[in-house]
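Protein chains: 4
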Amino acid sequence: MNPHLGRKLRYGMVGGGPGAFIGQVHRMAAALDGEWELVAGAFSSSPERCREQGRLLGLDPARAYDDYRTMAEAEAALPDDSRIDAVSIVTPNHLHSPVARAFLDAGVHVVCDKPMTTSAADAEDLRRAVERTGLVFAVTYNYTGYPIVKEARRQLLSGRLGTLRKVVAEYSQGWLTKRLEEAGQKQAAWRLDPAQAGPSSAVADIGSHAHNLVRYVTGLEIDAVFAELASLVPGRTMEDDASVLTRFAGGARGVFCVSQVCAGEENGLRLRVYGDAGGLDWRQERPDELRLRFPDAPEQRLTRGSPYLSAAARHATRLPPGHPEGFVEAFANIYRNAGRTIGARMAGKEAGTLERDFPDHVDGVRGVRFVESVLRSAREERWV
Amino acid sequence: MNPHLGRKLRYGMVGGGPGAFIGQVHRMAAALDGEWELVAGAFSSSPERCREQGRLLGLDPARAYDDYRTMAEAEAALPDDSRIDAVSIVTPNHLHSPVARAFLDAGVHVVCDKPMTTSAADAEDLRRAVERTGLVFAVTYNYTGYPIVKEARRQLLSGRLGTLRKVVAEYSQGWLTKRLEEAGQKQAAWRLDPAQAGPSSAVADIGSHAHNLVRYVTGLEIDAVFAELASLVPGRTMEDDASVLTRFAGGARGVFCVSQVCAGEENGLRLRVYGDAGGLDWRQERPDELRLRFPDAPEQRLTRGSPYLSAAARHATRLPPGHPEGFVEAFANIYRNAGRTIGARMAGKEAGTLERDFPDHVDGVRGVRFVESVLRSAREERWV
Amino acid sequence: MNPHLGRKLRYGMVGGGPGAFIGQVHRMAAALDGEWELVAGAFSSSPERCREQGRLLGLDPARAYDDYRTMAEAEAALPDDSRIDAVSIVTPNHLHSPVARAFLDAGVHVVCDKPMTTSAADAEDLRRAVERTGLVFAVTYNYTGYPIVKEARRQLLSGRLGTLRKVVAEYSQGWLTKRLEEAGQKQAAWRLDPAQAGPSSAVADIGSHAHNLVRYVTGLEIDAVFAELASLVPGRTMEDDASVLTRFAGGARGVFCVSQVCAGEENGLRLRVYGDAGGLDWRQERPDELRLRFPDAPEQRLTRGSPYLSAAARHATRLPPGHPEGFVEAFANIYRNAGRTIGARMAGKEAGTLERDFPDHVDGVRGVRFVESVLRSAREERWV
Amino acid sequence: MNPHLGRKLRYGMVGGGPGAFIGQVHRMAAALDGEWELVAGAFSSSPERCREQGRLLGLDPARAYDDYRTMAEAEAALPDDSRIDAVSIVTPNHLHSPVARAFLDAGVHVVCDKPMTTSAADAEDLRRAVERTGLVFAVTYNYTGYPIVKEARRQLLSGRLGTLRKVVAEYSQGWLTKRLEEAGQKQAAWRLDPAQAGPSSAVADIGSHAHNLVRYVTGLEIDAVFAELASLVPGRTMEDDASVLTRFAGGARGVFCVSQVCAGEENGLRLRVYGDAGGLDWRQERPDELRLRFPDAPEQRLTRGSPYLSAAARHATRLPPGHPEGFVEAFANIYRNAGRTIGARMAGKEAGTLERDFPDHVDGVRGVRFVESVLRSAREERWV
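Going down the list, the protein sequences come from chains A, B, C and D. Using the working numbering, you'd call the opening residue of the first sequence number 9 and step up by one each time. Using the working numbering, you'd call the opening residue of the second sequence number 9 and step up by one each time. Using the working numbering, you'd call the opening residue of the third sequence number 9 and step up by one each time. Using the working numbering, you'd call the opening residue of the fourth sequence number 9 and step up by one each time.
Calculated directly from the structure, the hints in this document are not laboratory data. Keep in mind it's a predicted model, so treat the numbers as computed, not measured. Possibly wrong hints are sitting among the right ones.
To give an idea of the chain B side of the interface with chain A (calculated C-beta under 8 Å), a few residues [said to hold, decoys possible]:
| hint | residue |
| --- | --- |
| 1 | Leu65 |
| 2 | Pro69 |
| 3 | Arg322 |
| 4 | Gly334 |
| 5 | Glu337 |
Distance condition first, Cα-Cα at most 27 Å in a straight line; then the derived DSSO-like pairs of lysine-lysine [said to hold, decoys possible]:
| hint | chain 1 | residue 1 | chain 2 | residue 2 |
| --- | --- | --- | --- | --- |
| 6 | A | Lys357 | A | Lys16 |
| 7 | D | Lys16 | C | Lys16 |
| 8 | B | Lys16 | A | Lys16 |
| 9 | C | Lys357 | C | Lys16 |
Every residue, glycine too, gets a C-beta built ideally from N, C-alpha and C.
Could you put the whole structure together from the sequences, leaning on the hints where they help?
Shown next as structure tokens:
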């Protein structure tokens with residue numbers, strides 16, 4: 009249960025109907041630690057599918073709503089001891105902003121999938137709404153939930169690798185190698201439809217993860233970007249491949265290689281950072297290990313769960329080393345920390361430092377701005 | 009919720025007090041898919057700690073029992089729509105048998121940690137009780153819950169690697185490199201105390217996992233074993249290291265390398281099997297991949313979640329390839345399948361083939377017998 | 009011995025004095041197969057060190073020359089049955105062009121380290137000289153000598169990975185993380201001195217290898233480049249880091265990540281190529297294996313020496329699989345093939361197809377042009 | 009050239025006719041550093057093939073002898089400044105002993121392939137002959153020539169991993185998965201013919217390498233062995249698979265897993281050693297790296313060529329880190345050191361400590377005795 013409230017946090021979900029991948033991930037992530045409880049939802053644009061999903065999840069039928077507006081109003085009208093404390097938004101991108109607004113206005117804390125919105129202007133609006141209401145707003149940049157990513161951040165902050173010089177971030181997937189969007193694959197269809205995805209496909213979908221990861225781990229600010237976007241699959245109009253060069257404040261340089269048409273790649277997010285005293289290397293597909301390299305000393309391999317890790321990494325860990333944790337556990341770390349921060353705020357307390365370690369509305373705004381800069385640079389073929 | 013019952017399965021837990029590692033794993037595994045619900049427990053030999061754990065888990069205080077006997081009786085007396093359907097037994101080994109008996113007698117299905125019992129005679133007794141009552145009995149040999157282990161089994165059953173010739177199973181850990189049992193580490197203390205662990209330490213703890221894995225994946229029957237046990241840490245009396253050679257029915261040979269004093273190893277369970285047409289290699293620490301090797305063709309790396317995998321492997325998978333699943337997810341597969349088989353039985357239905365794929369009392373008996381044979385061979389320094 | 013001549017090929021060396029790294033590599037590469045014999049040299053700008061090296065290598069003292077001009081003249085004046093057939097040029101870059109000219113003019117075949125020259129104009133001059141004289145000119149882009157790189161080329165040529173879409177080439181080293189050029193490290197000193205290295209440091213030194221590798225393996229022509237160069241080590245004037253985006257004829261895109269200040273990296277040359285039917289991945293630090301990835305089939309790992317490889321890969325192999333070959337063996341493949349082509353030409357014969365597989369003056373020119381384009385794009389901050 | 013003699017060492021070869029694998033390896037290993045020169049040979053039991061090989065290698069036809077006895081006599085009769093200093097014996101096992109005797113009697117230093125002989129009695133005889141003549145006798149247990157294996161030895165000698173407790177050595181190959189001995193494969197034919205191979209096949213061929221490696225790296229003495237041998241390929245009479253348990257003096261335990269029928273394995277020699285302070289892991293197929301593991305600190309990966317390595321490892325290295333060295337280079341280290349020790353002895357000097365680091369007749373005897381013990385234990389099914 010939520011330690012600040014002495015009960016589970018009650019939440020509702022918008023999106024995540026039967027068969028939707030990311031909704032199911034959010035539910036498993038919320039369930040894992042027994043601190044969240046799903047009690048309501050508006051799971052689909054089809055009322056029938058909403059009700060079906062409510063049944064499958066064992067919800068009270070009265071709380072399987074036809075649409076998110078009804079849900080926001082109805083939940084707000086419920087008594088304190090039963091209405092939802094928070095909402096999870098797992099819809100296509102274009103709905104993030106209106107749904108989030110509706111629930112913030114209803115006094116409900118928000119967990120929202122990334123990217124926060126499809127335009128920087130909307131993101132700014134949302135940020136102001138969050139600040140005005142004083143509610144918690146978490147963005148599920150889930151890769152920063154990995155314990156070893158938290159360790160990477162601490163290693164860099166500690167100065168052990170010296171002054172940072174170079175960042176190489178790659179995110180290579182292959183799932184869009186074929187025109188799935190024509191083949192009825194639902195996720196591909198909306199991600200490659202500007203009306204639902206917004207103006208960017210690959211960059212908004214996975215480039216934004218890489219950007220957030222770099223930001224979280226290194227703390228570096230981007231001064232300028234140069235980008236090249238491509239639609240490498242014939243007939244596709246939105247970008248499925250992007251290369252972005254960056255100049256960071258302070259002089260470090262970066263390369264972002266982002267693609268969804270690297271045939272045969274699965275979910276190849278990787279981050280390498282080099283300072284003047286050493287480098288680090290992390291791969292999402294082997295999330296439990298971090299490699300540190302040094303000019304004149306052996307490479308070190310740090311593993312999740314080990315006693316020598318930082319408090320932040322240990323806080324985010326459930327199992328001993330050698331007992332693999334994965335994607336859901338990292339995702340659950342966003343939920344656990346967001347939930348505890350929500351619980352603390354509801355209880356009028358301050359959440360602990362380690363509990364406040366999750367991506368929020370400020371990270372969300374930063375991500376949307378990165379996407380916009382990349383689009384502009386590619387269009388103008390120059391550094392912006 | 010449990011699809012055969014249309015509600016969550018209610019379960020209680022024996023053992024798994026505050027700070028216990030494996031109890032927490034069982035609870036996460038049960039929670040992950042939203043098909044099990046914890047409603048009762050006798051978590052510790054200390055009534056106070058029982059109550060504390062009940063509070064932390066948000067249980068009804070009336071169902072945080074002082075001891076397992078009270079719990080079995082009290083739950084049996086509850087009405088059908090509230091009493092537990094099943095019990096999870098996560099105590100030290102010596103209690104598995106009496107606790108399981110108590111709940112079987114009370115008509116409660118059982119999920120029991122391995123090894124099933126500390127003697128083959130007890131295991132046989134338990135098996136008879138299971139058969140008599142018609143209840144479900146699952147043993148959490150959790151490593152066979154990995155989707156890719158299921159794929160390994162299918163590859164071998166399909167005959168693709170030919171007639172089996174050689175099995176190399178290793179389970180190397182390093183956590184008992186120091187005398188933790190003297191240092192107040194609770195798990196080490198009971199695992200190296202024959203009164204609680206039974207006559208074997210390393211073999212019963214992790215050798216039994218390796219044995220079950222070999223059995224599950226290859227289907228081979230052991231004809232004879234030769235074993236060498238050692239207590240490599242000075243002052244220790246129970247074995248912390250074991251090497252076991254095996255002769256399988258049909259002529260194949262096996263080697264089991266089991267140790268808990270391989271300093272620096274984490275949880276190094278690995279299985280290699282060679283037939284006359286190829287070999288396979290699986291490592292628990294990279295559980296999402298299976299390597300197949302062939303005499304005159306490139307090595308293949310199969311990854312969890314891929315479309316080319318067998319139905320059994322796909323059934324056990326929650327995420328696409330490249331999105332790592334881990335230890336808890338594999339453990340949850342035991343719970344999900346056991347729970348569905350329980351649900352089906354309660355509903356008077358037959359569970360599906362894929363749902364019946366979990367280790368049961370027969371596997372449990374087999375495991376205890378393996379341990380006994382190993383002990384005897386080592387004592388007599390000969391093949392038995 | 010050289011199979012076309014029935015004797016070893018006699019060669020001299022320019023550069024490669026005591027302690028020089030690359031000269032020793034050339035000598036080992038030439039010695040490995042017993043087809044080349046070192047008989048003369050002008051190893052250093054210091055006559056004393058020339059003589060010392062001649063002594064250490066067991067040369068006839070009369071053929072340890074004070075400088076390359078004397079050597080070219082004196083060797084040309086020797087009788088046919090003793091003078092050198094070929095020369096190896098292993099000097100700093102600025103000398104490649106004059107030394108090569110001197111020996112071509114003397115009728116001597118040339119093996120020259122890369123880059124061929126320090127300007128495209130010089131490279132063109134040299135190309136004309138080669139064509140005029142009809143002599144063999146090999147450039148030691150040694151990484152294309154690896155058998156598995158040859159296999160990669162054949163896999164792509166065969167169309168197995170479909171139409172090419174994306175190339176990711178990286179060459180990450182860390183040896184220039186500190187200002188070795190100030191610390192008296194000889195190789196660093198000349199590579200970061202424009203008078204000896206030419207106008208480019210990192211790009212000419214290792215970017216040119218990456219470029220040649222991409223060209224050799226994919227056959228793709230570059231239409232345009234966008235480059236960002238940086239001197240990431242304070243106080244350094246030449247570039248030690250480069251990122252290059254490329255547009256290939258036909259629409260494929262490329263990224264080249266080149267750096268010599270990735271602290272802790274050793275010799276991280278890696279090539280990934282993706283087509284619409286699959287991708288390949290090769291890493292120089294594990295040169296004996298090639299990974300092929302496919303959208304809906306297991307990854308394959310091809311290993312050097314295996315019977316299923318192409319004739320070109322098998323021709324370049326000396327040992328069975330599992331018996332590692334390395335850098336020297338790949339380098340020796342350049343020597344063996346260049347030597348056989350030289351031998352065949354001297355014998356008035358045609359070398360076999362597999363024997364003509366080594367980088368030549370045309371590749372050399374292409375490489376120098378790539379360096380010049382990169383420098384120009386970086387200067388002008390635009391696609392060129 | 010040989011630094012102690014100021015000229016190359018002249019050697020002859022017995023065995024290694026056209027197409028023989030290991031003879032060619034010895035020649036490349038001897039050629040690599042330019043310190044050995046092949047001048048004579050008796051390459052085959054067929055005089056014709058002897059002459060053909062002599063021609064192909066560019067030998068003086070007078071020194072391509074019909075058989076090894078003629079060669080030993082004729083070379084002994086040549087003047088000091090032309091006769092061979094040493095002989096390489098690369099024949100099937102049964103000839104090692106008589107050939108070695110003939111050349112020792114002729115005052116010629118010996119490099120002999122492993123195992124030294126086919127019986128311990130013969131090995132003892134040979135050892136006495138070596139001691140009597142004062143000649144150098146090297147046995148090409150080539151895997152101890154890897155620089156990183158030398159580093160492993162130094163790490164253990166330094167006590168960094170504490171008191172040794174456990175050794176796991178495996179040597180898994182797959183090349184004998186099929187009955188190549190029936191298919192005319194020459195090497196398989198003699199290795200599985202007791203008249204040529206001696207009483208053991210897999211153990212003598214590769215088990216002896218594993219044994220030497222363990223001995224070299226750990227220095228441990230074996231007190232007792234228990235072995236299980238098997239002929240896993242139907243119709244084969246000699247063993248193609250062996251499992252050996254060992255008890256070392258001082259209480260450490262060992263497991264040797266040796267097989268040539270692990271379908272799909274290439275040359276899988278691997279050594280793991282665990283002490284009470286840490287463990288090490290080395291794999292021949294990635295020979296340039298050594299992993300050190302510790303109970304409470306990150307795993308370290310040491311790489312060949314790095315400045316932090318021991319003098320012995322650096323002495324054995326030709327290239328910087330990241331520039332892979334392989335099998336031939338390790339083999340060449342045996343030749344270089346043996347050659348320098350021979351040269352020193354011929355020059356009446358003492359070779360340096362690092363130069364005397366190669367396997368000699370004492371190691372050879374030890375290896376043959378290991379094979380005999382294993383055979384006896386397997387026959388008697390008990391510890392011996």
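Hint check results:
no.	hint	in the structure
1	Leu65	holds (7 Å)
2	Pro69	violated (13 Å)
3	Arg322	violated (14 Å)
4	Gly334	holds (4 Å)
5	Glu337	holds (7 Å)
6	A/Lys357 x A/Lys16	holds (17 Å)
7	D/Lys16 x C/Lys16	holds (17 Å)
8	B/Lys16 x A/Lys16	holds (17 Å)
9	C/Lys357 x C/Lys16	holds (17 Å)
Violated hints for the displayed structure, listed by number in ascending order: 2, 3.
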